[in-house]
Amino acid sequence: MPELIAKPALGAAPVTHAGTTLAEADLPQMTAIAPWPGQAEAVGRALGLQFPLPNAVTEAGGTRLVWAGRDLAFLIGGVAPEGLAAAVTDQSDGWVALTLSGARAVEVLARLVPLDLRAAQRGQTFRTALNHLPLILIVEGEGDFTLLTFRSMARTAWHEVEEAMVKVAARAL
Amino acid sequence: MRLTCPLCGPRDRREFYYYGAAEYLNRPAPDAAPEAWDDHLHNRDNPAGLVQDLWYHEQGCCSWLKVTRNTVTHEIVTVEPVAGGAA
Numbered sequence: 008m009p010e011l012i013a014k015p016a017l018g019a020a021p022v023t024h025a026g027t028t029l030a031e032a033d034l035p036q037m038t039a040i041a042p043w044p045g046q047a048e049a050v051g052r053a054l055g056l057q058f059p060l061p062n063a064v065t066e067a068g069g070t071r072l073v074w075a076g077r078d079l080a081f082l083i084g085g086v087a088p089e090g091l092a093a094a095v096t097d098q099s100d101g102w103v104a105l106t107l108s109g110a111r112a113v114e115v116l117a118r119l120v121p122l123d124l125r126a127a128q129r130g131q132t133f134r135t136a137l138n139h140l141p142l143i144l145i146v147e148g149e150g151d152f153t154l155l156t157f158r159s160m161a162r163t164a165w166h167e168v169e170e171a172m173v174k175v176a177a178r179a180l
Numbered sequence: 048m049r050l051t052c053p054l055c056g057p058r059d060r061r062e063f064y065y066y067g068a069a070e071y072l073n074r075p076a077p078d079a080a081p082e083a084w085d086d087h088l089h090n091r092d093n094p095a096g097l098v099q100d101l102w103y104h105e106q107g108c109c110s111w112l113k114v115t116r117n118t119v120t121h122e123i124v125t126v127e128p129v130a131g132g133a134a
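Chain order of the listed sequences is A and B.
Going by the numbering used here, the first sequence opens with residue 8, and the numbers climb by one from there.
Going by the numbering used here, the second sequence opens with residue 48, and the numbers climb by one from there.
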């Protein structure tokens, strides 16, 4: 086996505008779990987590199950056991994770994401769009978000978010 | 315009892709008369009022949805999943 060197999608230093910081996060192992029909509950049990309802994240320790579509969740920070009653695919190298946190994070996202995030709470996730890019938005806490998008679009995503941050910073509070 | 996805909740129109009339769900039998296929593929009423069409939640849960809406008032009456027992 050749020694492969894992490289970040961007390798960019964090940027801060308007007291809000955009950074590239390390993406741990990420696995798509699509339970066979009627098996969602059993799959959740096998993973030690409840299979999430739409727009929800279930977590235990450092492992999370993030709802990602109809009959689909992403297992982040854990390893899927063999023999799961689900279609299991490793997605780790196809995605990039960005974090956006700070007082005006909601205002920044309001320019890009067609959702009202003012009351967003930890435990929520949204499969939506970042401008035209597919986005899985995970709410980490008040004014604290993780943005998952396709790694091939990482620079575009970074550019879009930073641009929105600059525009928000240019406006009076 | 917003559609209330049965899974994701109320979402903006730009998350969805419009496919066409819900008539596409009623596929004729393979040996049906050519007229039936002609109706299925091409012939559409254009009523002022209630229409049903198919939308795909492409920037969301990837469900196909059957939307009943009113072309006069722009009211969205119902949004139903095409797949039975969606979860």
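Take these hints with a grain of salt, some might be off.
[What the hints assert, rightly or not] So the derived list for chain B, only partly shown, Cβ under 7 angstroms to chain A, looks like this:
(1) Asp59
(2) Glu62
(3) Cys108
(4) Cys109
(5) Thr125
[Unchecked claim] Computed beta-carbon distance windows for the label pairs:
(6) Ala130(B) / Gly101(A): 18 to 28 angstroms
(7) Val86(A) / Glu127(B): 49 to 59 angstroms
(8) Tyr66(B) / Ser159(A): 23 to 33 angstroms
(9) Ala67(A) / Gly96(B): 44 to 54 angstroms
(10) Asp86(B) / Val22(A): 37 to 47 angstroms
(11) Cys109(B) / Gly148(A): 22 to 32 angstroms
(12) Pro77(B) / Ala49(A): 35 to 45 angstroms
None of these hints come from the bench; they were simulated from the model.
C-beta atoms are modelled at their ideal positions from N, C-alpha and C, and glycine is treated no differently.
Hints and how they fare:
no.	hint	result
1	Asp59	holds, 4 angstroms
2	Glu62	holds, 6 angstroms
3	Cys108	holds, 5 angstroms
4	Cys109	holds, 5 angstroms
5	Thr125	violated, 18 angstroms
6	Ala130(B) / Gly101(A): 18 to 28 angstroms	holds, 25 angstroms
7	Val86(A) / Glu127(B): 49 to 59 angstroms	violated, 38 angstroms
8	Tyr66(B) / Ser159(A): 23 to 33 angstroms	holds, 26 angstroms
9	Ala67(A) / Gly96(B): 44 to 54 angstroms	holds, 51 angstroms
10	Asp86(B) / Val22(A): 37 to 47 angstroms	violated, 57 angstroms
11	Cys109(B) / Gly148(A): 22 to 32 angstroms	holds, 28 angstroms
12	Pro77(B) / Ala49(A): 35 to 45 angstroms	holds, 37 angstroms
Hints 5, 7, 10 from the list above are not met by this structure, while the remaining hints are.
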